[in-house]
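Novice: Chain by chain, the residues:
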Amino acid sequence: MDSDEDFGMSSEEDVLEDSENDNESADGTDFGIDEPEPDLGYTQKEQVKKEKKTFDTTFKVYHPDDIQAQQDDLIDEVNMILDIRKEDAAILLRHFRWNKERLIEDYMDRPRKVLEDAGLGPSTTGPPKLEVIRGFMCDICCEDEPGLQSFAMKCGHRYCADCYRQYLNQKIKEEGEAARIQCPQDGCKRILDAKSLDLLVTSELQNRYHELLTRTYVEDKEQLKWCPAPDCQNAIECGIKKKDLDRVVPTVACDCKHRFCFGCGLADHQPAPCDLVKKWLKKCADDSETANWISANTKECPKCNSTIEKNGGCNHMTCRKCKHEFCWMCMGLWSEHGTSWYNCNRFEEKSGSEARDAQAKSRVSLERYLHYYNRYANHEQSAKLDKDIFTKTEKKMISLQTASGMSWIEVQYLNSASHALQTCRQTLKWTYAFAFYLKRVNLTEMFEDNQKDLEMAVEALSEMFEKPVDELANPKLKVEIMDKTSYCNKRRVILLADTADNLANGAWEWSNGH
Amino acid sequence: MASTTAQRRLLQEYRALTNNPPEGITAGPVSEDDMLYWEALIQGPEGTPFEGGIFPAELKFPKDYPLAPPTMRFLGEVWHPNVYPSGLVCISILHAPGDDPNHYEHASERWSPIQSVEKILISVMSMLAEPNDESPANVEAAKMWREQRPEYEKRVREGCRRMLGL
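The listed protein sequences correspond, in order, to chains A and B. Our numbering numbers the first residue of the first sequence as 1 and each following residue consecutively. Our numbering numbers the first residue of the second sequence as 1001 and each following residue consecutively.
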């Protein structure tokens, strides 16, 4: 909550900040600044009560215990309503992907069919147990010694306990299967329930089994997703549907502090929508730009089509492969150039000019891409560096406390600044991918102004943040950093709100056939 | 213990195969001393270019059979998308679950202890009739099968003749 205090403290300074920035920010970008904007992106979850932004998504974080409790509740409920065993209720719920209403409705209509489909078959009572059957021979290991323990589910496919165990071990450990482990018999659809499993396997395997079962609960429910952060066991609930993803960018924040997009699971990529992010990442990853570079910087020999990069020299080209002589400028035969040595006056010919136009176009498109890519990559890199700095911030804050005699709470502003830098850079990074796909219209210009403003503020803050400890101890710099932090966060909120609004209204115009 | 399970199970399977042999398939251990090494003869399925051919193959069983699948290798040249040039057969039933060299096979198609030698040989026979060119073991054969079917069939027929010594 300390970060909120910072904003409260610095809000009076905002007027000052605004007037300072008026000359550098382009016209039309200042609206919204005067509104009180208490929001801070990375503390969204703590601010449920506060005014909700258009780019905020409602979500809830569930811890492993919550997930288990939810499942148990649902199972208990079905167990009571339908009056069936808990294990069977669990299997039915998993079969219906935890859609309790549909399960109950279907079960009321045709109980037999529902049980059959879920792999339960006609039900009889009696807990599962190992049995010794006289004259039994296991079909897997062909063991037939008297007193051999064997097991069968209600389908009657009986195997010896060892082989059954081996089979379950394989399913759970190697294949990661839990909710839909079928009878080992080929073609038998009967599903093994938790009680039978507990009877057969070791406790270690039981734990793994229940873990996998919990996992299927989250994976089966559309509005639940695992937090993708390493070692995080939480799940997030969010009501955003797949079809809404072209209208919203549902960023959620797990209790482990990881911020990610609920739509695609990638790290926070506001303001760019998921499909655009996917396209952009693909564009950056595949070699389409290599091809673009080739077409922008090379020509092909008119005779043998070898790719040639001209790195200097005159326009009289002799292809190294086929010895064809041609003019680099007009791509025509060199022999036709007559007396105009090393010079081409045939430049304006139509056939040549078309080829040249195409080349110029791909050159422009390459430059355009590189413009956006370089800035995108730069922010990505800087965010990584800022993260390194963040790890050093802790040390910095301690040394600052000893150097200046400030208290712990008084140096927290560095922490907030480092947080702001990272979130803002993350946002800035994606604004470039976003802008790459925008058409050049008024709305785009406003977006770019917002982007420019945020970028300048972030760079300024970044610079202050890197100052040595003795300068940081200066109270004036401290106030400046706090102001800049607050300003950066505000600009980020404005930019995100603006893009999210326009996205929701479908107001953006896309270029490049997006 | 593990090897006696394999022996016992293979003996059982051998008995079932001799008492009730599936059409076009003969198989059994080469010698009574080593139950883990079998030879099989498979008839080329009718209505395919393999028709009329008899294809000898060897089956090697691991010590932990039936937990792990055997390997199967044709002993003569078999020109087929799913047979490596060495004669090794590549079909899903011969792959243990969790061991998917091509990352597309469904676990239920693969080896499990309730499969058997008989099921393997039947699968191989239907594989001869219907190659799966999605993940060919013999890329050249797969290409030929896909693009130049008459030539593929001709080559297969020639292979059959050679194998019969004609």
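Don't take every hint at face value.
[Claimed, not checked] No more than 27 Å apart at the CA atoms, straight line, and that leaves these computed lysine-lysine pairs for DSS-like: (1) Lys1119(B) <-> Lys189(A); (2) Lys173(A) <-> Lys1143(B); (3) Lys173(A) <-> Lys1063(B); (4) Lys86(A) <-> Lys154(A).
Read the hints as simulated data drawn from the structure, not as lab findings.
Novice: For each hint, tell me whether it holds in the structure or not.
Specialist: Structure-based check of each hint:
1. Lys1119(B) <-> Lys189(A): Distance ~20 Å between Lys1119(B) and Lys189(A) Cα, so the pair holds.
2. Lys173(A) <-> Lys1143(B): Not OK: Lys173(A) and Lys1143(B) at ~38 Å, beyond 27 Å, violated.
3. Lys173(A) <-> Lys1063(B): holds (21 Å)
4. Lys86(A) <-> Lys154(A): holds (16 Å)
Checked against the numbered hints above, the structure violates only hint 2.
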